[in-house]
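Visitor: Protein chains in written order, with the numbering used here: chain A, -10 to 105; chain B, -10 to 105; chain C, -10 to 105; chain D, -10 to 105.
It is possible that part of the hints are untrue.
Treat identical chains as interchangeable: a pair holds within one or across any two.
[Stated by the list, open to error] In silico DMTMM-like pairs for lysine to aspartate or glutamate, Cα to Cα no more than 25 Å straight-line: (1) K89 - E104; (2) K89 - E29; (3) K101 - E48; (4) K101 - E39; (5) K82 - E33.
Keep in mind the hints are simulated off the structure, nothing from the lab.
Number of protein chains: 4
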Amino acid sequence: MSDELRALQQRLAAFAAARDWDQFHSPKNLAMALSVEAAELVEEFQWLTEEQSRRLDAERRERVRLELADVFIYLLRLADTLDVDLMCAADDKIALNERKYPAERVRGDSRKYDEY
Amino acid sequence: MSDELRALQQRLAAFAAARDWDQFHSPKNLAMALSVEAAELVEEFQWLTEEQSRRLDAERRERVRLELADVFIYLLRLADTLDVDLMCAADDKIALNERKYPAERVRGDSRKYDEY
Amino acid sequence: MSDELRALQQRLAAFAAARDWDQFHSPKNLAMALSVEAAELVEEFQWLTEEQSRRLDAERRERVRLELADVFIYLLRLADTLDVDLMCAADDKIALNERKYPAERVRGDSRKYDEY
Amino acid sequence: MSDELRALQQRLAAFAAARDWDQFHSPKNLAMALSVEAAELVEEFQWLTEEQSRRLDAERRERVRLELADVFIYLLRLADTLDVDLMCAADDKIALNERKYPAERVRGDSRKYDEY
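Looking at chain A on its own, in the form it has when it is part of the complex (with noise of 0.2 Å):
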């Protein structure tokens, strides 16, 4: 895990230690937590076009920027709790798809590799 990620757990965790939080931090309840977080992103673009998506005016953009923060707050948590390096876990994942997804193969196709 990347020096500056660690620091960032370590002060949530001291945020919701603080608070006795710890109790309720569960990873059933953070992975709830989390997926709660990526639906208030969702909200955010639901009734736009993809075309609006691009470019948002300055206050939703905002908003947008704080949920993002939101989902990765409770990302880190999660992966705290479980002890996951997430680096480490992306880097591995990225490796998997470059498996399932060769470049030559699914070029300008949005197909899920089991639907090839």
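With chain A fixed as given, assemble chains B, C and D onto it according to the hints.
Guide: Here is chains B, C and D on its own, set in the frame of chain A:
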């Protein structure tokens, strides 16, 4: 943004570009994809007790680790598309949360700030 | 509740009871399962344009139809567990929405009521 | 489709038409909105224990009731847009589930059918 996160975003951007997937990666669509990955994480926990979620067996832990990676990957892609610095956004959000949830006031309490 | 919905809820309750699944079907867990099914629905649409989503091919339409059924099933189960009459709840919510979104005021506008 | 559900769908279609909202109600967008409502339901349960979720206080129960209505409303809208008969789809899905999860085989077991 940390150099490490920036480097990961560049790998992901290259991965998408090599597959001509930028056409699919509007912020709207990436937000949807992020929420779908968050739900796949929730699915791993939905029938477990909180206690069970704290001590996953090796097989489930590995699936969860890769689902966390998927959420992280789409989060980085979406932040990149919107030119949002995630570390900076997290700092700003934590500062907001410190004001909304003062430790001495919310200790051991899981209510939302607007329920006090 | 309509007799037909009630009958469907009883079939679902019997299905769960025959498998000794009531222990898993707490409202908390059913809400998670419902959101997971909703995400599986979203997954079918995430890389489609809105236009494409309006004219699905037969294969995808059938997958979507069964995902809609999954959402419906968990919704009925959850409502049953909490003893909520869905028809009644929908009536009440529509009445609220009529007050929050008066037709003459919101015509052609997709903002949330608190953004006006 | 039951007459009652059909009548409710017609009210919802009229509600949308009177507000000129059909332009926003593509299946893609309605699926997003449905998943957002499902997440608002999850939010009510995320910090509760399963036991607490079985005995909600009156205030939370009423919020949950209206969130269930929101999910139901978008589910009916989406099914209507795609011309899917929800009762019929549920029947078909239950028949599939009976084959995937034979009672004698899965009793007291919460694994997915492909984990057996």
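Visitor: It remains to establish, for every hint, whether it holds in the given structure.
Guide: Status of each hint after checking the structure:
In this assembly of identical chains, K89 and E104 lie within 25 Å of each other by CA distance both inside one copy and across copies; the values are 11 Å within and 22 Å between. In the homo-oligomer, the alpha carbons of K89 and E29 lie at most 25 Å apart only across protomers (18 Å), although the nearest pairing inside one protomer, at 30 Å, exceeds that limit. For a Cα distance limit of 25 Å, the shortest separation of K101 from E48 across copies, 14 Å, qualifies, whereas the shortest one inside one copy, 35 Å, does not. Both within a single protomer and between protomers do K101 and E39 lie at most 25 Å apart by alpha-carbon distance, with minima of 21 Å and 19 Å respectively.
In the homo-oligomer, the alpha carbons of K82 and E33 lie at most 25 Å apart only across protomers (17 Å), although the nearest pairing inside one protomer, at 28 Å, exceeds that limit.
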